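All chains, please: the whole structure from these sequences, using the hints.
Number of protein chains: 2
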Amino acid sequence: MEPNASNNMQPDHCLGITPMEVHKVVPPPHRSTIQKLKSKLKETFFPDDPLLQFKRQPLGKKWILAAQYVFPILQWGPNYSFKLFKSDIVSGLTIASLAIPQGISYAKLASLPPIVGLYSSFVPPLVYAVLGSSRDLAVGPVSIASLILGSMLRQKVSPINDPLLFLQLAFSSTFFAGLFQASLGLLRLGFIIDFLSKAILIGFMAGAAVIVSLQQLKSLLGITHFTKQMGLVPVLSSAFHNINEWSWQTILMGFCFLVFLPLARHVSMRKPKLFWVSAGAPLVSVILSTILVFAFKAQHHGISVIGKLQEGLNPPSWNMLHFHGSNLGLVIKTGLVTGIISLTEGIAVGRTFAALKNYQVDGNKEMMAIGLMNVIGSATSCYVTTGAFSRSAVNHNAGAKTAVSNVVMSVTVMVTLLFLMPLFQYTPNVVLGAIIVTAVIGLIDFPAACQIWKIDKFDFVVMLCAFFGVVFISVQDGLAIAVAISIFKILLQVTRPKTLVLGNIPGTDIFRNLHHYKDATRIPGFLILSIEAPINFANTTYLKERILRWINEYETEEDIKKQSSIHFLILDLSAVSAIDTSGVSLFKDLKKAVENKGVELVLVNPVGEVLEKLIRADDARDIMGPDTLYLTVGEAVAALSPTMKGQSSSYV
Amino acid sequence: MEPNASNNMQPDHCLGITPMEVHKVVPPPHRSTIQKLKSKLKETFFPDDPLLQFKRQPLGKKWILAAQYVFPILQWGPNYSFKLFKSDIVSGLTIASLAIPQGISYAKLASLPPIVGLYSSFVPPLVYAVLGSSRDLAVGPVSIASLILGSMLRQKVSPINDPLLFLQLAFSSTFFAGLFQASLGLLRLGFIIDFLSKAILIGFMAGAAVIVSLQQLKSLLGITHFTKQMGLVPVLSSAFHNINEWSWQTILMGFCFLVFLPLARHVSMRKPKLFWVSAGAPLVSVILSTILVFAFKAQHHGISVIGKLQEGLNPPSWNMLHFHGSNLGLVIKTGLVTGIISLTEGIAVGRTFAALKNYQVDGNKEMMAIGLMNVIGSATSCYVTTGAFSRSAVNHNAGAKTAVSNVVMSVTVMVTLLFLMPLFQYTPNVVLGAIIVTAVIGLIDFPAACQIWKIDKFDFVVMLCAFFGVVFISVQDGLAIAVAISIFKILLQVTRPKTLVLGNIPGTDIFRNLHHYKDATRIPGFLILSIEAPINFANTTYLKERILRWINEYETEEDIKKQSSIHFLILDLSAVSAIDTSGVSLFKDLKKAVENKGVELVLVNPVGEVLEKLIRADDARDIMGPDTLYLTVGEAVAALSPTMKGQSSSYV
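So the sequences go chain by chain: E and Z. Going by this note's numbering, the residue at position 341 of the first sequence is 341; the numbering climbs one at a time, nothing skipped. Going by this note's numbering, the residue at position 92 of the second sequence is 92; the numbering climbs one at a time, nothing skipped.
Keep in mind that the hints were calculated from the coordinates and are not lab data. Worth double-checking, as some hints may not be accurate.
Unchecked claim - Every beta carbon over 10 Å from chain Z, so not counted as near; a handful from chain E, in silico: (1) W63; (2) A66; (3) S87; (4) L196; (5) T227; (6) N244; (7) Q299; (8) M368; (9) V375; (10) T416; (11) L464; (12) F537; (13) V607.
Said to hold, decoys possible - Think about it this way: if two alpha-carbon atoms lie no more than 25 Å apart in a straight line, the pair counts; the simulated BS3-like pairs of lysine-lysine are: (14) Z:K38 - Z:K365; (15) Z:K613 - E:K454; (16) E:K544 - E:K591; (17) Z:K597 - E:K401; (18) Z:K86 - Z:K271; (19) E:K42 - Z:K544; (20) E:K498 - Z:K613; (21) Z:K518 - E:K40; (22) E:K544 - Z:K42; (23) Z:K518 - E:K357; (24) Z:K597 - E:K357; (25) E:K40 - Z:K498; (26) Z:K518 - E:K42; (27) Z:K24 - E:K518; (28) Z:K544 - Z:K592; (29) Z:K24 - E:K489; (30) Z:K498 - E:K613; (31) Z:K588 - Z:K498; (32) Z:K42 - E:K454.
Just so you know, these numbers come straight off a predicted model, no measurement behind them. Heads up, the beta-carbon is just placed ideally off N, CA and C, and yes, glycines get one too.
Next comes the structure, spelled out in structure tokens:
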């Protein structure tokens, strides 16, 4: 069993690497409660240590750094060059050509007047250019947030019967979304968006894509009487109960663009150099279809068009915000949900591109920027905006260098608002439907879903719940269900922590899971368990029962083998990162319980905080005595083996 | 630095205990998804392995074991002896003397007719004697559940204006409480009660004791017009706004018993042999006060009495249960809250005494017993009952051996119900108030609160929240707030896992936290981090930021010391018990991020499940390559040190 057992020069030291010198477990250096609280709060709310750069700087420099922290434009602005501007103007114009049709389409998705979508591509990008720290984010309305905003508000107010109230509620929701986003950043609670896991987002996005696409059946088929509901079943039944309303002209036009747009997308994906094919396709479609309608007077042949749009820049809307009244609860709730969803998209997109170009995006700072942008937006006739995924990807591919590309887009939209609005009068709704469908279908990520199935079946279930919840129940309920399941899983992990039985890997002092490493062997007389979670109120009962069952199982097994019974129960606490009062009493209870069976409880390597609490609770030193506390499992086994009587240990 | 560096017999093996033989990290033995799911479900729902005893038994024996499992009376019944009966009859009579005044008092606490309290001490103990597995639990109504039941139902229905409806709702709530309890046991979801931590319960009990005691001001001061509210402020203002209603005779009598009862309790606590002093005191108080009132006709001098009580056994009440109608929501909610609270008390009491006498109580089985007892109770005019702490303590001290003591108590209560009810006609309400106050004041556990303060400040805050929530807001809200804070703490622990920087303890291959063990030293060129929590969607963002910050901090520090930069980032994953898809992608992101800094990512000892998922996700073998995966930190450092160029490692 022992390869160099014949070497007896330093038997205790070299054989099985069993150091006879036993290292003492010492309590960590003393820190006061205030110090502990301070470091805990810092770890929780300032893990990125934003004040690090201010250290060891003169006062003047500190002011400059602070101003740069609040307004990142001060950081890159002074170094801005004509060369950068050339790149930014190309990318800015490219995203503008995408922003105009998208703005109109997404506003329709939110049941808002199309012009609001354009307003929302004018003011927020300017605000973001000053406050935002991402160089690639292109700001504007996004499909998911538009969909949620519309569907939540429609539950109480009809956009057709009461369009003014609906608009007021949309602006108010935008205000609360912004307020909520900015507060999250300011209070450094940004980690809340981390609770939307990748699996949830993939399921949610796919579900939302289905829902949104189904909504487009109205424009794609040319139906005039369409259901107001969002679910799969009512929408499909509404579409097929109104077959007499289907218009073949609309369907034909829709079909053509539904072939053209994905094709353009496909070309760009194959050859990233041809990014402008995909980026320009929506604007080309809009122009083409508008010319077609105008030329053939198709609006009189069953093809519905946008109609007359108002010219001019964003009118002020702060007098339209609702801060009281019966709809306050609705707008706050809508603001919360859309705020958190759009924030998730914005932050995720910002981080993705920052990682590609190897610069840092400060999550909490971004939240403040996006939040403030929405608060200002809500006062200037804009609805919820964020960093849009599709638009930012185009921006990045078009070679954007700084946030100036957002300014270029904003100016282009401004020109459109001032002078080009009459051109959109004949734009058919069907082309907008096709643009939306193409955009959202791209959100369905099959390869990622397959990867999730391969890695983690539970995450796959969460993903399916989000998907089916969104498709069959509602957007916000689907999301809530998926988040609840995810949190339940975390709680279950805490409630049912793993306990591993460790064995010795022969010839070493390494102890590893017996059921994983087949060459690991039990040491007779010892049951060595590793507890793999913080010990707290939610799992003490389970841990006690489970540990006692390990002893029973071990003794039954050993009984059959006619081997010795357990003398020592060694608990390896290396992985126990925290403990509370219930956890502390677990050890007292456990000690009593195992002593009744003639077993001694030995603890190994409790980490700082756990050790401190155990010492404080254990006045009588009956848990933490000198013979019951060791630094490593190997040392514990080596030190305790000789004390077992009538026991020939094969370890030392 | 190295004590035996001069010994060059086996330099690699003995110095710093650096084994040159590197152990391979192998994936755990293959198990199918079904097998994994099965073992996970077993660990979650059957951690106590209730079927273990059925293994390797003949069929006949299995049937007997099953019957004994469902009816524990079959287990101890056949061996029941006269000697045991003698003990049980003494303890049974003792708890009956406590049960009668307590039953009447607690029923009043729940705003129910006093007789219902006696009914509830008759049927449920009989049911428990057949189904229950605890030998010491004495069953009956308890103060906390009575208080909650009364206060929740009173919010919607007045027990004075509509006594019949109130009674119906109380029985219906009892039915749902029982149904809920039994289902928890049947579905093996008993761990839900674990979420009521010790700290929460201590704060909650103390708060409830204050609320209950304040309610007794009505009887203790003899006030007739008293507020219906429960909060501290309205109750005190009501008591002091009705000073004109105070009756000195009542106050005097109340004061006497409020001295006598705690005194009796004190005597018993000092000398456990005199348990009967405390156990008999309430009955003595009731008899004494009743005689006094009868002798002095005190009911005409401002002392209010219980009045005429109906004779006879429990009437059936199944026709009074509400399964529909406007109050269904209320009774289900009340049933849920009272059910879970009374279950917590019953299970905790059962476990406490089982631990004292060294036998096992099966939590899920007890839940079914208590639940069934309440369902049957609700059909026989009983309200919520459970294993009462005070009564069980008396039972245990009086020498109870089996559940027969419950039967004896039940028979005694039956005799009282049949023949002795007229005797209670003149019992003054003030003595019942004094009994309740004495009982609940005993629930305030100052030493435990001090212990919690000493061990864990956060638990103390949770305790205070429960206390002040109950006192100032409401019983159920206080409880909900405390549970929410506790769960939030768990989630925070998961969201912000600890990352420890490890250093080598000189002369060993032990690696421990640098900030805890001052003799641990850094190994130049290596940053060794231990991650102390499962890695999942809620913490990947944080972990990535935190690990990159560790690298920055380390490099800044080393820069000042003019030492070398980091070549390897070693992540010790021993304490990472689980991982999900987001966690898997963390390693890919991290690898890219550190490679940009010229650092190589090395993983150490991923446990079974984590290793499996990493392998499955890592098709290209870029994370889990042969040079980036080791079994121990020591082996990783030993193997990688020679590869660093221009680097004189002090480790090997």
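Practice prompt. Of all the hints given earlier, name the ones this structure violates by number, lowest first.
Written response: 4, 12, 13, 23, 29
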